[in-house]
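**Q** In case you want the letters, here they are:
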Amino acid sequence: MIRDALVIAGKDLRLEARSKVAVSQVLPFVLAVVLLFGFALDGESQVLQRVASGLFWATVLFAAVLVVQRSAAVERADGVTDALRMTALHPGGIFLGKVVSLLAQLLVVDVTLGLAMVVLYDVALSGVLLLTTCALLGSVAVAAAGALYGPLVAGARHRDTLLPLLMLPVLAPVLLAGARGFEIALGRGVGGGWQWAGMLGIVAGVYLALGIAVWGPLLEDT
Amino acid sequence: MDPVVHLNSTVALAGRFPALAGVDLSVQPGEIVWLRGPNGAGKTTLLRLCAGLVPVAKGEARVLGVDLRTDRRSIRTRVGLLGHASGLYDELSVAENVRFWARCCGADPHEAEAAMERVDLAPRLRDLPVDRLSSGQRRRASLAAMLVRRPRLWLLDEPHAGLDSDARELVDRLMVEASEVGVTTLFASHELDRAAEVALRQVVIAGGVVVEDRSMREEAR
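From first to last, the protein sequence lines stand for chains A and B.
Per our numbering, the very first residue in the first sequence carries number 33; after that it's consecutive.
Per our numbering, the very first residue in the second sequence carries number 59; after that it's consecutive.
Isolated chain A, as found in the complex:
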């Protein structure tokens, strides 16, 4: 299954390197959100620093919708789904491969977004280990949910508008736990930040397990 995952992830990342959708569309979108919020809140750094954690995760989720739509569209093109069904690849391996490629793209989004907030909102970095852990686990959860929902809506009409409608509500726990974890790491919240990191780990684990279990039937039905 790991070998299959690497084959799929390698192919997806090569496709991304060719199309440059993440670099040319998703990263500019992320930077636009950061700038627009800065303008909307009159550039008041205290307010911006207070909302930075929640804004970070909300932006990651919106960016994830774009990345997942692209990832699912690639597999819908010109008979590729049938060709994938005709392979010896383990469905769980295909799912994990999609997760790895989505995760790689989301980590680029995380780093870009974090740097933009440090520079534009004057956010002082602290609790780097907790921040990094939350970003990593949260991104795994988002990537796993995205890899699961991408093919789920692939056969549906109006799939481009349906995807955010289905995906964003189920990622509410990631938004909540990620934002709380970040607030505590940045010294703005109270309580144990690692509990929130643990919650992100559980959500990631649930979506990974669910994806491995149901990707086979999903691939058959789309």
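Treat the hints with care, since some could be wrong.
Unchecked claim - Here chain B is said to cover these stretches of chain A; the calculated rule only asks that three of the stretch's residues, wherever they fall, bring their Cβ under 8 Å from a Cβ of chain B:
1) 38-50
2) 100-113
3) 232-239
The set of hints was computed from the structure by calculation and includes no laboratory data.
Remember, it's a predicted structure, so these values are computed and weren't measured experimentally.
Here a beta-carbon is modelled for each residue, glycine too, at the ideal position from N, C-alpha and C.
For this one, chain A is given, so just place chain B on it according to the hints.
**A** Below, chain B alone, put in the same frame as chain A:
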């Protein structure tokens, strides 16, 4: 000798509609079988059923000894399906596509070069992204991606469509060469002259059933 394809009163559904309404067909190793019939007759469904992509609703269906009623997934790596769609990633080059599909099927990616050679894909085309190819070149690339899997049964849906005369001859030559080493081909085609030249047997399908089944060799005589 066990038949490569054995269908007995096979029914397959397209939604609720029976696209195959009780097909009887037995195909021996090395045969080249031409499936004829009007649009909507069930030819594509028959090919997809043999590829394990469409479930058997009723009746018997065995392909390469595998019972499709109980295990249609395991047949998929042993057959090659060339459908209407290319089954290729537009942004990857032809060589990358062929190597990728070889890896996916447990075949040696180094055989990709040989497969592209077999379909006469010019070396300058192999490193081009698929979306820059003409429809005929794309068809050849799809054929290479199928050949690299080394299937024992070829299922070709309109293999001559969109090809120039050289490429059509190439497809026919590949079918004949494959037949000589025991590989079986089922192909659907509306190109009457072309298909009649290469096929060893003609099966006419209408309304989801076989209405005529005759040897082309006898006809030629």
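**Q** Go through the numbered hints given earlier and state which of them the structure violates, listing their numbers in rising order.
**A** Of the numbered hints, just 3 does not hold.
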